[in-house]
Every structure is written in C-alpha cells, then in structure tokens.
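Engineer: Line by line, the protein sequences give chains A and B.
Residues 1 to 152 (the numbering used here) make up the first sequence, in order.
Residues 1 to 476 (the numbering used here) make up the second sequence, in order.
Please note that a few of the clues may not be correct.
What the hints assert, rightly or not - Keeping only pairs whose Cα atoms sit at most 30 Å apart, straight-line, the calculated BS3-like set for lysine-lysine is:
hint	chain 1	residue 1	chain 2	residue 2
1	B	Lys-192	B	Lys-225
2	B	Lys-57	B	Lys-7
3	B	Lys-209	B	Lys-116
4	B	Lys-7	B	Lys-257
5	B	Lys-57	B	Lys-176
6	A	Lys-135	B	Lys-176
7	B	Lys-41	B	Lys-7
8	B	Lys-57	A	Lys-135
9	B	Lys-412	A	Lys-15
10	B	Lys-157	B	Lys-189
11	A	Lys-135	B	Lys-209
12	B	Lys-21	A	Lys-135
Said to hold, decoys possible - Here chain A is said to cover these stretches of chain B; the calculated rule only asks that three of the stretch's residues, wherever they fall, bring their Cβ under 8 Å from a Cβ of chain A:
hint	segment
13	194-203
14	240-252
15	401-408
Keep in mind the hints are simulated off the structure, nothing from the lab.
None of these values were measured; they are calculated from a predicted model.
From the three backbone atoms N, C-alpha and C, an ideal C-beta is built for every residue, glycine too.
Now for the letters of each chain:
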Amino acid sequence: MECTDYKRMDENRVKAHWEHFRHGADIGVRGIGPTLEAAFEQAALALTAVVCEPERVRPEQPVEVRCSAPDAEFLLVDWLNAIIYEMATRHMLFSRFSVHITDLTLAATLWGEPVEVARHQPAVEIKGATYTELKVFRAADGAWVAQCVVDV
Amino acid sequence: MDLSRFKRVSDYEWRVEPFGKMRVPAIIYASEALMREMDEKVFEQVTNVATLPGIVKAAYAMPDAHWGYGFPIGGVAAFDPERGGVVSAGGVGFDISCGVRTLTTGLTVADVEPVKKQLADLLFARIPAGVGSTGSLHLSMEEMDAMLKGGAQWAVKRGYGTEADLERIEERGSMKGAEPGEVSAQAKKRQKDEVGTLGSGNHYLEVQKVAEIYQPTIAAAYGLKEGDVVVSIHCGSRGLGHQIGTEFLRSMALAAKEYGIDLPDRELACAPINSDIGRRYLGAMRAAINCALANRQVITHLAREAFAELFPGARLELIYDVSHNTCKEEVHEVEGRARRLFVHRKGATRAFGPGRPDLPAVFRDVGQPVLIGGSMGTASYVLAGREESEAHAWGSACHGAGRSMSRVQATKRWSGRQIIDALAARGIEIRSPSLRGVAEEAPEAYKDVSAVVEAADRAGLAHKVAKLVPLVCIKG
C-alpha cells in the first residue's frame, strides 16, 4: 500500500510518500519526505490509511495540535498519539496535515471530517502508537524517515 | 523459532537458562509444532522480561505467544515489591483488562436457528460497534469517577444487570485500589461516549453453540451442555485504557533511568511498584480494569434486551468474566512461603484451580472457567483452571489464537463481502459496519486456536472443557 504526493519534491528529488510495514498482529506506519516535517506529515497519512483510504476523507475542518518531547523519536510517537486522541474524541478522520517543528516542539494543523461509516468504511480503531520499530532518521539519499508500529 | 537455544523439559515445556542480564530463566509452554511456528521475537521478548528487577521464578510464555510490545503477547511475569519488583505499563498493554465473558441462554440450537438472521440484525442494531460508534450512556465526570471506582458493581447499581452477575466476575466485578484521580482528563474524555461499545479489530459479540464437551463434570458445573446456545463478549477498557497505556508507557520509559532500570526495549517501560509513578499507574490501571468490567456489563444488558425481544423469558446468565491484559496483586507460594506478588498477564488468562480461596464458591471444586476467544467464524473454547496450573505460570493459561497474516495481506487476499457470504454458507451470520474490517479479520488470517488449546491442556495449564462454534458474530 503506497501513496505518493508528487507536489512535495525538493532539490534532492525525494518524493514525500508513506507506506505500511508488517508487524505480527499490528501494522507499522512509515512516512518519508525531504524534510523531517514532511516525513511526520506522511506518517500521519499512513496512520489514517490504517483506518480507511485517506482519499475518502474530505479535509474540511481544521484541528490544531501541539506537542513536545525530549527527542525526535518520542516526538513522532507523541504526534501520532495526538492524532489518535483527536480521532477518538472528535469522532473524526483526517487526510491533510501541516507540521512545523522547532526545537523538538511540534505545532500542526490537521484537516478532516466526522466519521461517516458507510462512506469511509473504517476498518479498525487505533489504540496507540508504540515504541516498537520506532525510528526517525535521515537516509543516505537525504530522505527523512519517520516510522513506528501502531497497536490496533 | 530456532529450538536449539531451549532445553526441552517435557513435550510441552521449553526452558532457557539465564544468560546475559537475565535474572531468572524463561519458560515457554507449547507443543514442538507451535514452538517451530512461533515468532523469533518471542525468544527475544521473553528473555528481555527475565532481565527486569524483582522478577520471581521465571518469565513465562503461553502456547499462543507471539510478537508483542516489550512483553510477548501470551507473556506472564510476577514481581515482588519487597525485592525491588516493578510494574510495567508495557507488560499490561494498551487494551487494559481486555477480556471475555460467556453467558448461558437456556436456549438450544433448535430454538435459535429459525430466527438467527433476525437475532443478528437485532444485536447489531442494539450494540454499538466499530470506529466512531458511541454508546447511549454519556457520563458526567462525577459518574465517570463512580464507574472507575465501582466497575461492574457500578453498572449493576445503575440497572445494568443483577447482583447475581457480580459473583461471576473476577474481583466480584470491582477491582479494589482503583484511583480515578490518577486517570488523566484526556483518558476520561476519550471514554465519555464509549461505555457500552464493543470497539473494533478482533473484538466481538458472538452467539455460539456448544459443539463438544470434553469434561462433562466441569461443563455441568459451568452450566454447559452440548447443543446449548451461549453468548460471548470480547472487548476491553476502550479509549480510557488506551490513553492510560499511552501516557504511562511514555512516563515510565522516560523515568526508567531515574530508577536505575536499564530497559532492553523502551516498550518494557516500567517503574518500581514502591515508587510514586508505580503507585500512580496501579491506581489508574485498576480504574481501567473497572472500566472494562463496566463496559462488558453494559453490553451484557444490551444483549439481554435484544434476546428478550425474540425470546421472551430467556435468561442470559453469566458463566464467568475473565480479563487477559492485567497486572494483579496475588498471593502465591514460592519455595514454601506465601508471597505477595504483582502478576502481569499480557494476552494470558488467569486459570486458578480448585481450592483457591479467591475463587467464587461455585468454582472452588472445579476450578475457574478460562474463556478462550477464537477469531471471527472459528471455534472458541472453555477451559478450566486446575490445581497444577499454579505450579506452572502463577495459575495462567492462553487467551486466543493470534494472527498468522497481517491486515494488509488479508485485505489483498479477500474482500469483506466474500467472507460474509462464505461464512453465511457455513451457517454463520456476520454483521459489521465495515467490509474492510471484516476482510482484515478473515478467519484464515489467524492461527488455529485448537492447537493452542490442546497444548494448554497437555501442558497442564488448564483442562479443555468445551468447544463453542459461532452462529452469529457482531464485529466492530
């Protein structure tokens, strides 16, 4: 399962995209992008894709989230858990993300809409983002990678 | 899994002597076939658990063990607070007190078969299931705290069930030591509309028939006979438990160094039982156990209402309610001395045998029911704790099957519609708000639960008592 956003390409020609990877009973989310922010945005899209096809979700209502952490890996888990929390308490799904990170503090806007079961066909709720296979790093080709397993 | 690293103690017990930082041995109960199929990660995780401070006797894994978070799913470990023992948020997991309860209905297959489709529709309409679903209860913060303190007892007081139900729930329906004040506002907000909802993933409500009895005396004591119809409910503490797990996993992972704990894996996040964070987690985790017990109690009430419409006079009576993601303070005998231990069961069920004083009187002669949920469309089992269970893994047994295929692989191979039609042809009615959800839960995406149950029986963890097969399955 993969989705590519061709609009986000930098000089290094790193295409922002996301993918899922396997973990026993659960599933891993991986965001890849030219910047740390882009990788975090793509990881968020991969998170939505665990629940439903992101293309089915209209990016209509904005929701702001903020979090900060002692390192980039904890920040990724906090970011994904902040989205999971907004999904659960607002009964919403999100398909567009804009992330800004300064000194390990993240400020983001998520755009989405309330869950509509018939149209979204949500498969599963996400319980939480985990520290399993948790990695945030810059690959040899310059791409930023942000990944972890989520418990469903 | 490579078996050369294990000492084969018996056909169903495999032992790893301590090496590296392990404080105690690691022991897996399984058949050779299950051991060979088992994920390599189980070896790594069960031996990691054996390194944690204050662990007593051994780190154990059940026959259904698979790759989990820190602990393997199917992991059991006990810690002594007087010897620096820890409590681990990772060792309990996100779905705190996820569990199974089974109820007799007094009905037979012949009663239910003619109206099976109507029953499926009615249960599906009554029981909120799936992503974004909300219950009819919307708790004020005051009521939330009362629920977190009282568990199923709270639900019964509010009219959801009867006093008689409480006898048939672990902890008599209410976990002592719950501290609603240690549960964050966020966790409570996440639960506000979720009381009485099934959730999603592998959670379900099933109407099942008793297909086979293996231990007639114990089955009779549980009220089970062949051809009877029962109802089983599998779900947990919903958003509240998930949020508590998330928050304490983070704070314990960050605080471990302060307590001089060298974590081999961040997911093993833990803190000394006798520490501020350890005590706070225990208070919050016990509140989440109550949340799960209340949740299953409210769903039971909804199921009773649905049955009453189609079968006036039918009585749904609880056999037992067991949790399989918990940490509980229990007294166990170690080297001839009774010790107070904190037993973590992550994807493992308590399986206390006859004579255990903490069991309700009705189970003291036969041992407690151990309810093993199958996956959608496959068999479930009722087991019974036995005296020798205690000598193995603190009186514990397996909890289910575990996946053999990822969700992505399952959706590539099958469509939801295909599975619903195939199961209907086999006489099983599936109702779910999500076709993709059904595809991800395809019966073939799970391991064979029968082999796991067989191994638990042969290993002496529990007696195999009865086999249940589904007639109706409501999936989240």
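Engineer: If a hint holds in the structure, say so; if it doesn't, say that too.
Structural biologist: Hint by hint, here is what the structure shows:
Restraint check for Lys-192 of chain B and Lys-225 of chain B: the C-alpha separation of about 39 Å exceeds 30 Å, so the hint is violated. In summary, the hint linking Lys-57 of chain B to Lys-7 of chain B is supported, as the alpha carbons are separated by about 17 Å, within the 30 Å threshold. A C-alpha spacing of about 12 Å is found between Lys-209 of chain B and Lys-116 of chain B, which places the hinted pair at or below 30 Å, so the restraint holds. Restraint check for Lys-7 of chain B and Lys-257 of chain B: the C-alpha separation of about 34 Å exceeds 30 Å, so the hint is violated.
The hinted pair formed by Lys-57 of chain B and Lys-176 of chain B meets the criterion: a straight-line CA distance of about 26 Å does not exceed 30 Å. In summary, the hint linking Lys-135 of chain A to Lys-176 of chain B is not supported, as the alpha carbons are separated by about 39 Å, beyond the 30 Å threshold. Only pairs whose Cα atoms come within 30 Å are accepted, and Lys-41 of chain B paired with Lys-7 of chain B is accepted, the gap being roughly 18 Å. Between Lys-57 of chain B and Lys-135 of chain A, the direct Cα distance comes to roughly 34 Å. Violation of the 30 Å bound is thereby established for this hinted pair.
Using a Cα cut-off of 30 Å, the hinted pair Lys-412 of chain B and Lys-15 of chain A holds, with the two alpha carbons roughly 25 Å apart. Taken as a hint, the Lys-157 of chain B and Lys-189 of chain B pair is honoured in the structure, with Cα atoms around 23 Å apart against an allowance of 30 Å. Between Lys-135 of chain A and Lys-209 of chain B, the direct Cα distance comes to roughly 47 Å. Violation of the 30 Å bound is thereby established for this hinted pair. In summary, the hint linking Lys-21 of chain B to Lys-135 of chain A is supported, as the alpha carbons are separated by about 25 Å, within the 30 Å threshold.
Under the rule that three or more residues need a Cβ within less than 8 Å of chain A, the assignment of the segment 194-203 of chain B holds, with 3 such residues. A stretch counts as covered by a chain when three or more of its residues have a beta carbon under 8 Å from one of that chain; for the segment 240-252 of chain B and chain A the count is 6, and the coverage holds. Counting residues of the segment 401-408 of chain B whose C-beta sits closer than 8 Å to any C-beta of chain A gives 5, which meets the bar of three, so the coverage hint holds.
Going down the numbered hints, you'll see the structure goes against 1, 4, 6, 8 and 11, while the others check out.
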